[in-house]
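Given the structure of chain A, go ahead and fit chain B onto it with the hints provided.
Top to bottom, those sequences are chains A and B.
Using my numbering, read the first sequence as starting at 314 and increasing by one per residue.
Using my numbering, read the second sequence as starting at 314 and increasing by one per residue.
Because the hints were derived from the structure by calculation, they are not lab data.
Straight-line distance between alpha carbons at most 16 Å, and here's what the computed EDC-like set of lysine to aspartate or glutamate pairs gives:
(1) B:Lys-547 x A:Glu-319
(2) A:Lys-488 x A:Asp-513
(3) A:Lys-359 x B:Glu-356
(4) A:Lys-353 x A:Glu-574
(5) A:Lys-547 x B:Glu-319
(6) B:Lys-573 x B:Glu-502
(7) A:Lys-510 x A:Glu-539
(8) B:Lys-547 x A:Glu-325
(9) A:Lys-547 x B:Glu-322
(10) B:Lys-547 x A:Glu-322
(11) A:Lys-652 x A:Glu-582
(12) A:Lys-353 x B:Glu-364
(13) A:Lys-488 x B:Glu-319
(14) A:Lys-484 x A:Asp-450
(15) B:Lys-567 x B:Glu-383
(16) A:Lys-547 x B:Asp-326
(17) B:Lys-567 x B:Glu-356
Just some of the chain A residues that point at chain B, by a computed CB distance under 7 Å:
(18) Ala-363
(19) Tyr-369
(20) Gly-529
(21) Ser-551
No residue lacks a Cβ here, since even glycine has one placed at the ideal position from N, Cα and C.
2 protein chains.
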Amino acid sequence: MSYFRENIEKTEDYVPGFQPEGADVVKLNTNENPYPASPKVLEAIKNVSAERLRRYPEPLGNEFRRAAGEMLGLSPDNIICTNGGDELLTMCFRAFCDESRPVAYPVPTYSLYPVLAGLQNCQRVEVGFGAQFGLPDGLVNTYAALTIVCNPNAPSATFIQPEELFALAKKLKGKSILLIDEAYVDFSEANCAGLAKDFDNVIILRSMSKGYSLAGLRFGYGIACEELIAGLMKVKDSYNADATSVAAATAAIKDQDYFKENIEKVKTERRRLAQTLGELGFTVPASKANFILAQCNDCDASQIYEKLAQRNIYVRYFNLPNLADKLRITVGTKEQNDKLISALEEIIQR
Amino acid sequence: MSYFRENIEKTEDYVPGFQPEGADVVKLNTNENPYPASPKVLEAIKNVSAERLRRYPEPLGNEFRRAAGEMLGLSPDNIICTNGGDELLTMCFRAFCDESRPVAYPVPTYSLYPVLAGLQNCQRVEVGFGAQFGLPDGLVNTYAALTIVCNPNAPSATFIQPEELFALAKKLKGKSILLIDEAYVDFSEANCAGLAKDFDNVIILRSMSKGYSLAGLRFGYGIACEELIAGLMKVKDSYNADATSVAAATAAIKDQDYFKENIEKVKTERRRLAQTLGELGFTVPASKANFILAQCNDCDASQIYEKLAQRNIYVRYFNLPNLADKLRITVGTKEQNDKLISALEEIIQR
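Next up, chain A with everything else stripped away, as it sits in the complex (with noise of 0.2 Å):
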């Protein structure tokens, strides 16, 4: 027998992204920030006292709330602190969702989308996007108590236009949350923060882990009207945010500074690599994110993957529909750029 939920039996374990280690090793398959967090983030990390420590933390994160909040025009109670942002994708299915409140979202998608669904025993409702991924019409008549879009979606790098949100939201309104993946919002140039204050339906998701490079510090955050803050209040454990990481994510949203420097960075080498990857015969659509889904023509994709990971440069491979003819690439600094390239030349022309 199993002493487990049947649920939890069936759910396949969310497999995270390939971690090598080695100082040769060129890392472009999670998507992490090629660029160091603000030197002020080591120093707020470098003054949490013992005393600190050793008493339980403001259970709310207020102190990051308000930075937050400064920075985008909206009250702290519109902002929720979270474990990373796959805790607040786990609080929203915990939330809104069970075996009668099934959840919807385009694919392909985040893969952890389903998994949740899985731990939460709740109907999925899967829409095809199309192969421009554009927002699929599907959406509005899924009946899903949760409705979630990943934008720019990941692996696509592809952009919806808040105004298409903005529409969606209106027609789900009465009928479904919109649960808004804005986890690498940082790399575009429009977003979606404003629908949270004009819906009481409308969650936006941030992280701190690609903009602010802190992937290790597991912090992100919920943007929303304060009676959806307060209903996933209850949800989160009772303090889900530590010391160290509210103090760190605080120094670093409040560094702007810092942040929009290194995201231009990053934006001027996705600019070189998508042009590059299009001159060696790759189709590349517009990414918006900092990474670029490129599309193999004349080649073979899993192939290129094999033997850039022979040349320790590891890049994304999804062996899924939509995806088995692309490679996702993580956007990385300069060097990196320049290896992942001329292997790619080297490669392409045997």
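Using the frame of chain A, we list chain B on its own:
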């Protein structure tokens, strides 16, 4: 209309203990360790590099699992890292409980259990402790999928011997998981870690908050057979423990000399405080935790609570059956305990 599930709407927020601020405050209300963490913890935190923060953490916290396994004489595969002990509780509710799979536990106990049952929408079977807080016979026949025993129990500070929990685990085998919440066990003379090897249905919860003075860090862990750990891994967030916390918790658990010295200091003060409270007319059962549940005999517990608070001394008062005539007092430093004792002498003489 509400977008939330009905059970979420109905669940009352968990109320964390009051966190008064100020240098004058004597804070004996939330069971923090009065002494700071090992200096090696602060050193480990200061040594966390920007590179480690930039990258995703190793997802299982293997560095800590190895150190904890070594300390316990168990394999790392018997350990799971969690974002505070509370996250392990949440994971167990999600893994084992649902509408047709109840949870059972003796009461009064940790007030988070009913909140988590509400969030998971599972039935609660609450079996009353007797006046002596011994293991209730009724726990064997509850048909629960998850049975929780907090040991030492909060807020009674009483301890059930491992032999009795061994017998309970045996009776529950094939029927229920037995989760032994050992958040306070570092202050006891015995513990149940050994049961995790002998039983396929026992999970031990540990916390770094109390014994290791790291409540601000949010780090706990579970101990169980490999099969249960593997199942629980599915339920955890992919990267639930951040890089800084793993480094800090590992440094803490490796410094057993510091830890043991710290525990002895708390125990010495616990003895003195218990004796003095007895002399002041309170009934004080033997405490195996870092707090004392003191029963007022000729006095009014809620009034004493108020009068202490007026003097900036905070203890915990629960207006609940079996607790309304008692105060839960965290064992503080010698200086803090002296202040409490002086204040109590003053209050009681009036």
